[in-house]
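J.: Sequence:
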Amino acid sequence: MNKKFYNRDAEIVARDLLGNVLVREINGNKLRARIVETEAYYGDDDPASRACQNGDLRKTMLMRSGVILVYGIHNNWMLNFVTGRKGKARAVLIRAVEPLNFSEKCNGPGLLTRALKIGKEFHKHDITNHKEMIVVGSKRKNFDIGKSFRIGVKKDLPKKLRFYIKGNKHISRK
DNA sequence: AGGAAGATCTACT
DNA sequence: GTAGATCTTCCTA
542 MNKKFYNRDA EIVARDLLGN VLVREINGNK LRARIVETEA YYGDDDPASR ACQNGDLRKT
602 MLMRSGVILV YGIHNNWMLN FVTGRKGKAR AVLIRAVEPL NFSEKCNGPG LLTRALKIGK
662 EFHKHDITNH KEMIVVGSKR KNFDIGKSFR IGVKKDLPKK LRFYIKGNKH ISRK
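Here my numbering is used: the first residue of the first sequence is 542, the next is one more, and so on.
The set of hints was computed from the structure by calculation and includes no laboratory data. Mixed in with the good hints, there may be bad ones.
Unchecked claim - Label pairs and their computed distance ranges (CB to CB):
id	residue 1	residue 2	range
1	K695	K715	17 to 27 Å
2	G596	R626	20 to 30 Å
3	R626	K710	28 to 38 Å
4	R573	G628	30 to 40 Å
5	P699	K661	25 to 35 Å
6	N595	S679	32 to 42 Å
7	D685	R573	38 to 48 Å
8	K696	R556	17 to 27 Å
9	N543	N570	17 to 27 Å
As the list claims (entries may be wrong) - Under the rule of at most 27 Å between Cα atoms (straight-line distance), these lysine-lysine pairs were calculated in the DSSO-like manner:
id	residue 1	residue 2
10	K629	K571
11	K544	K695
12	K545	K571
13	K707	K695
14	K665	K545
15	K646	K571
16	K571	K661
Glycine is no exception: its CB is placed at the ideal position from the N, C-alpha and C atoms.
Required output: the full structure, derived from the provided sequences and hints.
T.: This is the structure:
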């Protein structure tokens with residue numbers, strides 16, 4: 542997926558990311574995983590996002606779209622992509638993926654980063670131009686998209702910002 | 001320097 | 001269903 546793909550509102554990118562394939566290359570081995578669950582995060586006026594505070598996370602969310610943002614919480618790393626126009630503070634969280642050519646469980650944001658060995662090293666790197674991790678488009682998009690409120694957040698916005706592939710067995714929750 | 005909060009996961013009841 | 005582990009980041013003094 543090119544930069545133009547990410548250069549839209551977080552909600553749109555989150556929805557369009559479903560079904561695409563995340564390719565993680567480790568020592569020449571390619572692990573492929575289909576994205577099945579995402580969430581959109583905003584900076585300003587989003588009480589769930591730490592980017593509504595000052596700090597490195599907010600700064601990163603203000604960077605150009607396509608930047609990888611890795612956020613650590615409770616001994617887990619969260620994988621995000623910065624979206625929207627520069628200066629907008631928006632990002633999409635990858636909450637769950639479906640393993641295609643390996644077997645570790647990826648039905649949760651912390652689990653997938655562990656299975657794919659994604660850590661702080663990727664913070665601020667570029668997902669549209671990276672040797673070890675990219676997202677490739679998929680034509681197989683004949684599925685229904687489900688919507689819900691975000692999971693695990695203390696204070697959510699009054700809007701459904703979580704998207705998932707309906708009926709998929711690898712989403713973190715129904 | 002210290003502390004609290006946080007977008008989680010696992011295990012046990 | 002509930003509790004506890006465990007770590008990074010940000011805020012305050």
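J.: Does each hint hold? Answer for all of them.
T.: Against the structure, the hints come out as follows:
no.	hint	verdict
1	K695 with K715: 17 to 27 Å	21 Å, holds
2	G596 with R626: 20 to 30 Å	21 Å, holds
3	R626 with K710: 28 to 38 Å	36 Å, holds
4	R573 with G628: 30 to 40 Å	34 Å, holds
5	P699 with K661: 25 to 35 Å	33 Å, holds
6	N595 with S679: 32 to 42 Å	38 Å, holds
7	D685 with R573: 38 to 48 Å	23 Å, violated
8	K696 with R556: 17 to 27 Å	23 Å, holds
9	N543 with N570: 17 to 27 Å	25 Å, holds
10	K629 with K571	33 Å, violated
11	K544 with K695	32 Å, violated
12	K545 with K571	25 Å, holds
13	K707 with K695	25 Å, holds
14	K665 with K545	18 Å, holds
15	K646 with K571	17 Å, holds
16	K571 with K661	20 Å, holds
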